[in-house]
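**Q** Listed below are the residues making up each chain.
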Amino acid sequence: DGGITQSPKYLFRKEGQNVTLSCEQNLNHDAMYWYRQDPGQGLRLIYYSQIVNDFQKGDIAEGYSVSREKKESFPLTVTSAQKNPTAFYLCASSMLAFDRGLSEHFFGPGTRLTVL
Amino acid sequence: QQPVQSPQAVILREGEDAVINCSSSKALYSVHWYRQKHGEAPVFLMILLKGGEQKGHEKISASFNEKKQQSSLYLTASQLSYSGTYFCGTETLGTGANSKLTFGKGITLSVRP
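Chains A and B supply the protein sequences, listed in that same order.
For what it's worth, my numbering labels the leading residue of the first sequence as 1, then goes sequentially.
For what it's worth, my numbering labels the leading residue of the second sequence as 1, then goes sequentially.
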């Protein structure tokens, strides 16, 4: 079965600790994305990548870092510099079709991060 | 800048119709629509492209007014399964190879028996 997976589903961390969220896809999609979801705020883009070893900042990149060493994987690190890291984090992937706009996003099940 | 979605919330009886809207201040290339159930991942419903091409769900329709940079999602003969939060995501013109979606804050739709 093709899909996109995130782990863990729930994550608890102490304030001041870095934490890495996993995202893996076997859909052979070129593009991958990280979104943060807070109540009433919608989905806000943190980082995105359209090709291996390259990524761009989204709208709220401060306090986060990513890597894209493999096409299938796009881990997100929430650093201690992120002021309010408690949130629901969603990873997504999509094909790229530059002449026809962005194709549909496939979302993972999400990771709920709570910083104590 | 996030697109603006309206109304903020919709409550329906099963079988009723609803229209939800998405408006942007920027020139758009495409509009995406997704539905999210509580605690779950958003699920794709529809893409509307500049020029009128529409791809998506069989039982839900949508429109894209390029002049006004607005999109509307039409839910007809609503079912209990339509309940959830509806997000629009907009792709703006001119972003080229670094295209991305900017999502609205979402509209909560509740269908009651």
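Do not take every clue at face value.
As the list claims (entries may be wrong) - Listed next, the in silico DSBU-like pairs over lysine-lysine satisfying Cα-Cα at most 35 Å (straight line):
1) A:Lys70 - A:Lys14
2) B:Lys105 - A:Lys83
3) A:Lys57 - B:Lys37
If you are wondering where the hints come from, they were derived from the structure by calculation, not from laboratory data.
**Q** If you check each hint against the structure, which ones fail?
**A** none
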